[in-house]
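Q: Here are the chains, one letter per residue:
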Amino acid sequence: MPVMNDQPDYDPVFLHCRREAIVIVGVWVAAMIWTLSSCAATGYADGQDVPTIFGMPSWVCWGIALPWLVADVVAIALCLFYIRDDDLGVAHEGADVAEDIRHRHEGEGDGNA
Amino acid sequence: MTIDSAAMPGILAVGQSNAALATFILYTLGVFVIAALSNRLLQKKAFLSEYFLGSRGLGMWAFALTFAATSASGGSFTGFPAKIYTHGWVLALWIASYMVVPVCTMGLLGKRINQVARMSGAITVPDILRDRFESRFLGLMSTLLMVFFLVFNLVAQFKAGSLILETLLTGVEPFQTHAARVGDWVSNAAKTDGWTFLLDATGNPVDGGYLLCLMTFGIAVIFYTTYGGFHAVVWTDVMQGVVMVFGVAVMLPLALMQVGGLENATQELAQMVPPRPATICVDWGAQKTEDGVLPSGSWVQQPPATADGQPRLFRTTKSALYAAGTSQVCGVEALEILSDNEITRLTGPESPLTFLDAGVAEINEGDTYAYGSEEEHKGAYVTAPGPSRTDSTGFLPLGVAISFFFMWAISGSGQPQYMVRLMAFKDSQTLRRAIITVTMYFSIIYFPLVIIFVCARVLLPGMENEPDRIMPQMAVLLTENAGVGWLAGLLVAAPFAAVMSTVDSFLLVISSSVVRDIYQRNISPDASERTIKWMSYFCTLAVGLIALFGAISPPKFLQDIIVYVGSGLAACFLFPVVAALYWPRANKWTCIVGMLGGFGAHLAMHLIGMQVNGSFVNAYRLFGLDPVVVGLVASLLSVLIITPLTPKPPEHLVRKYFYRQPAQS
Chain A
154 MPVMNDQPDY DPVFLHCRRE AIVIVGVWVA AMIWTLSSCA ATGYADGQDV PTIFGMPSWV
214 CWGIALPWLV ADVVAIALCL FYIRDDDLGV AHEGADVAED IRHRHEGEGD GNA
Chain B
156 MTIDSAAMPG ILAVGQSNAA LATFILYTLG VFVIAALSNR LLQKKAFLSE YFLGSRGLGM
216 WAFALTFAAT SASGGSFTGF PAKIYTHGWV LALWIASYMV VPVCTMGLLG KRINQVARMS
276 GAITVPDILR DRFESRFLGL MSTLLMVFFL VFNLVAQFKA GSLILETLLT GVEPFQTHAA
336 RVGDWVSNAA KTDGWTFLLD ATGNPVDGGY LLCLMTFGIA VIFYTTYGGF HAVVWTDVMQ
396 GVVMVFGVAV MLPLALMQVG GLENATQELA QMVPPRPATI CVDWGAQKTE DGVLPSGSWV
456 QQPPATADGQ PRLFRTTKSA LYAAGTSQVC GVEALEILSD NEITRLTGPE SPLTFLDAGV
516 AEINEGDTYA YGSEEEHKGA YVTAPGPSRT DSTGFLPLGV AISFFFMWAI SGSGQPQYMV
576 RLMAFKDSQT LRRAIITVTM YFSIIYFPLV IIFVCARVLL PGMENEPDRI MPQMAVLLTE
636 NAGVGWLAGL LVAAPFAAVM STVDSFLLVI SSSVVRDIYQ RNISPDASER TIKWMSYFCT
696 LAVGLIALFG AISPPKFLQD IIVYVGSGLA ACFLFPVVAA LYWPRANKWT CIVGMLGGFG
756 AHLAMHLIGM QVNGSFVNAY RLFGLDPVVV GLVASLLSVL IITPLTPKPP EHLVRKYFYR
816 QPAQS
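Order-wise, the sequence lines are chains A and B.
Okay, so the first sequence: first residue is 154 according to my numbering, each after it adds one.
Okay, so the second sequence: first residue is 156 according to my numbering, each after it adds one.
Derived by calculation from the structure, the hints in this document are not laboratory data.
Positions of the beta carbon are idealized from the N, C-alpha and C atoms, including for glycine.
Mixed in with the good hints, there may be bad ones.
[To be verified] Cβ-Cβ distance ranges computed for the label pairs, FRET-style: (1) Phe693(B) / Pro161(A): 24 to 32 Å; (2) Ala460(B) / Val226(A): 34 to 42 Å; (3) Ala183(A) / Glu520(B): 45 to 53 Å; (4) Arg195(B) / Ala198(A): 55 to 63 Å; (5) Pro507(B) / Leu233(A): 41 to 49 Å.
With the sequences and hints as input, model every part of the structure.
A: Laid out in structure tokens, this is it:
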């Protein structure tokens, strides 16, 4: 008879997913801080003599285009080097419905009893 | 009756090519072929999982492009360009969080939700919640919330798709003829046969062209979705995703070339001030010999009062009828161009405009923009917060900009229609590659769209009152000027593709909820596969037809509801789902209270807005933040507070979903 382990290990896929989700939230926070602080400092200003870079207003270039480029590089790097290839398991198609049917029949059995 | 010679051409009646019809017919045929191929797959695999989830076997391209196309709704190619046109460069900030949208919306929940769905065999989001907590009530509640939110959205998307098609086909002769016939029939049916559902909110018969487009668009989408299921939706999404990126790739270089470079466009915008609405009397100086129409989009100028002055330029924004024997038509709605640089350019020797051979006899000036018209706000089109017609704080104050960073990236992660797609990819390698693909896809779509429609402000002046026409009009202008007018037919398929791919996804999410979460799991778990199959076909068809019927004469307050439900879904679902997936201590009360907390706070902001601002859609902004942020915070707090106060979840559920499973012997 197999011995039940009272303190089993966490599922590694769950741990990987949680760790990756935390890093992704970090990327979102960093992008938000960069974009909003940069645009707040230079974008909300008098626009008649706005300086331009590559034809776009400079606040758009430093506050949006550049972080967008960096975010793309970071997202690609995360996907290539950080997010793990995990086995997501076999789909138990119909398992939940089978459980529903079992509960229903148990209920009927109880009722009959 | 005559139509004035300066009439604006129909968007796709260019060169009498009927390109829109050809494009639409080819496009629809392609979609039907895909549906037929998908239906063959249905015969070979487990029906429900295949019909609603593609047997969890989506590969990289299919998964990436269906995710991207579902995300890019009709708004991306109609509302977004119109906003760029109206508010200028600040839209780059409005859309900026799309830099992290792919990694957030796919990476935060993707792998884990896919794994949990496989563990329980779930095929819908309510399925996951019900299985995770073994709570029938939670499953039902989340189903009802989702159906409530999505049905309204579906009606609006049907309406959007029909309006886009109508905009594209206006001026195409066969369409005009049939639209007129349908219009006559609607008028008779509504007035003499008592078919009041054919009357719009103001009591007038529904426009024949709109009804024709609605039926064509609606029946096409309902048919291919019902018949082909998830795979049909995914493969058409792939096709639509390609069409969208093609549209942008062609328009960007043409726009930059024709505007004389981005630097030139930005400098022109920096000098611009928003136009002013006005009603004018157009005076031909001689009596008209027959009845006629002064079309919307006609240009008319009033000569300068002094030799060194500038003329006043107006562009009519609504058609006006005139009678024989009159020389004037009054009460014509128009926009007056106020920017000196625009007036100089548009009246100069290289002006692209044709002016009416008429003057302006009387001008009643309307209100100028609440933000952007004053001298101190000159340059509003190239700075934040951007000009606004109604809001004196501008289009995008900083608090609202913060909200949009939540809105797209975080609340996007909480939309059930995206979560369903995350349950359908094949393996985690597919997910990683798809995130990279969508990251690049969004980057080459959204930022270039800002550039294209910044150029449109210079190339197509005075179109503020016709936002739906800006994208197709720009496509026609760019291709005509480049001598490739036939390309317009393909370019304008992009917004049509976008709205189609959103409608089909919503349709399937709603019908899967009804079949799976209400019928199979609550009424008849042991229904045969044959019954489930016909229920699925029937529900998809029925939901589609109900939404189609609702879109014939949408309620006047529909747009208000759409604004509300768009963000309401995320406020309800995001944190309960996150807790279900990542927090072993979470129980069914975590989700129930989290959903109700998000729903209640979000609704409260709108109800307070109704009291304070006089409009349900103009929600109250607590600390200057959008209601979605308030709803998300309330939902998060509810989750964190209620969980420790309620019993621990059953041990077997925690073991099943969070711990390493013992090896199967």
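Q: For every hint, state whether the structure bears it out.
A: Structure-based check of each hint:
1. Phe693(B) / Pro161(A): 24 to 32 Å: violated, 45 Å
2. Ala460(B) / Val226(A): 34 to 42 Å: violated, 58 Å
3. Ala183(A) / Glu520(B): 45 to 53 Å: holds, 48 Å
4. Arg195(B) / Ala198(A): 55 to 63 Å: holds, 60 Å
5. Pro507(B) / Leu233(A): 41 to 49 Å: Holds: the Cβ-Cβ distance is about 48 Å, inside 41 to 49 Å.
In summary, the numbered hints that this structure violates are 1, 2.
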